[in-house]
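Student: Chain by chain, the residues:
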Amino acid sequence: MKYTYREAPEGINNPPTNHLAEALALAGGLFVLVVGVFFALGWAADRLVDRLSPEAEGRLAAMISIPVDASRQTPDEREVQELLDRLARLLPAVKGPLRAKIACSAEVNAVALPGGTVLVFSGLISRMRSENELAMVLGHEIGHFAARDHLKGLGRTLVIMALTTSLFGNQQGLPASLQNLVGITSFRFSRAQEEAADRVGARLVNELYGHAGGVVDFFRTMDAEAHQSEASAWFSTHPASEKRVELLEKMVAGEGWKLQAVKPYSDRECAERCR
Amino acid sequence: MFDLIVFLSLILLGYVFGRANEASHYKSIRNRERASRRMEINCNKAIDPAWNVVAASLVTGSTAVSVDYFKRVAASLRNLFGGRVSAYETLLDRARREAVLRMKEEARKLGATMVINVRIETSSISGAKGNNQSIACVEVLASGTALKIR
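As given, the protein sequences belong to chains A and B, one line each in that order.
The opening position of the first sequence corresponds to residue 518 in this note's numbering, with each subsequent residue numbered one higher.
The opening position of the second sequence corresponds to residue 574 in this note's numbering, with each subsequent residue numbered one higher.
Honestly, the hints are just simulated from the structure, not real lab data.
Hints are not guaranteed to be accurate.
[Unchecked claim] Now the stretches of chain B that chain A is said to cover, found in silico as 3 or more residues with beta-carbon under 8 Å: (1) 597 to 610; (2) 625 to 637; (3) 655 to 663.
For clarity, every value in this text was computed on a predicted model and none was experimentally measured.
Backbone N, C-alpha and C fix where the C-beta goes; we use that ideal spot for every residue, glycine too.
Whenever a hint applies, use it, and build me the whole structure from the sequences.
Tutor: Below, the structure is given as structure tokens:
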């Protein structure tokens, strides 16, 4: 048998492939998959929080270490609590008890936290000139609770975190991240959620006082202070105030609600304590 | 953000250099295959009684290859969906042919005229097994019996 040399045929063991195009196609597929999973899980999380019992919500709140101390309330907190209870009684959609908590901070903001805590910063309390105005803010937060917005935001954040940790490795453990959750999300809700909460707030104020006086006062104050640094916290979690004033005024006019004199409010103890 | 920039530049670096490297390696492989064409290699175990064998010796050629960052990412994407890992195929093809060329080179230096009973083996040498962080790295070993025939 005579040996004759033949060149090895090419393209059998190394078929011509555009590696870059292939990698891009795969990355695109992965991206579509992740986006799909994100929306599916977000949707599932939204459905899930509608069924979450107040007890389960309490356990969740304990897990992410949000202060829920109802027993030791300051006089101002008790005052806010009383107003909060009167408003919440008007709305059966709110599950479980709500607790008022005032945090000493120059920031002008209020947030609805999982577990039923309404956290109000003293910066906001000090800007309240009437009880009706405060009732509007509390009613707005009650609106978030009624729509379960506080948990929906949490659910979506959990989904994002679960996806990022599974894709990019466990750089930060999930329990540790849960601790920082309050800080990370700032509990920012969508514009639609905010507007719905505004409507609930205005309705509650009108029902409680028999008129809608004071519902736009706070947003007017915020509008005037928009350039100040203390107000930036409010605008980081809430849409522009002028739009909301417009919407609320339209609502008041549309419903035919009366506008009467407001009840004055003063934050004696809070101003003292948080100085 | 910084991590993303590092990641993307590593991919780009891997792609550009990996591609240039592959092209020049293939060119060199083809040239040397042509240059060493007189050296017969086959997989037969038996020696033809007609041959006048004056010397026989084991010859080996080995290459260790690793993947560039781009191929690593491309292969890990492929891992999610399944299918041919084409990014690795060219790499292994190069490693096999390089190993055979090195074996022939060794045989040539021993003054052999042919290599019989050629075997090609591949083994993974990629660090800790079962650890996702380990880099794909393989050794390809070609071995055979070099014969000096008069």
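Student: When the hints from earlier in the document are held up against this structure, which numbers fail?
Tutor: Violated: hint 2 alone.
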